[in-house]
Amino acid sequence: MKIVDITKDTLISAQKEGFTVLITKFNSDPLNPTWIVDKVENSKIESSKKMLSENYQLCYSIKEAITTIDSRPFIGKLQLSH
Numbered sequence: 001m002k003i004v005d006i007t008k009d010t011l012i013s014a015q016k017e018g019f020t021v022l023i024t025k026f027n028s029d030p031l032n033p034t035w036i037v038d039k040v041e042n043s044k045i046e047s048s049k050k051m052l053s054e055n056y057q058l059c060y061s062i063k064e065a066i067t068t069i070d071s072r073p074f075i076g077k078l079q080l081s082h
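In UniProt numbering, the protein residues as written are 1 to 82.
Rather than coming from a laboratory, the hints here were simulated on the basis of the structure.
Here are the computed distance ranges between Cβ atoms for each label pair: (1) E54 - D9: 31 to 41 Å; (2) L80 - D29: 10 to 20 Å; (3) T7 - D38: 16 to 26 Å; (4) K44 - E17: 10 to 20 Å; (5) Q15 - E46: 13 to 23 Å; (6) R72 - E46: 11 to 21 Å; (7) D5 - P30: 16 to 26 Å; (8) L31 - I69: 15 to 25 Å; (9) N32 - N55: 16 to 26 Å; (10) K39 - K2: 12 to 22 Å; (11) T34 - R72: 12 to 22 Å.
Keep in mind that this is a model prediction, so the values were computed, not measured.
Using N, Cα and C, we set each Cβ at its ideal position, and we do this for glycine too.
I would like the entire structure built from these sequences, with the hints used as guidance.
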């Protein structure tokens, strides 16, 4: 397991590997969260966002994150499982 900064390059690499969303780890520090990538069907991303928000977790589409990271960088680190 490795922790890295969230950059456009890491998001693009994750997307190329088939990952579709970034999710904060459960009970992650809200001021410095740890994010994980996951594979969620595009049609289920919005419902996943709503479900996870009930547990104070956040979920973002990697596609959206790539297009907005230049103007809205992510706070926190990305946990890579490989």
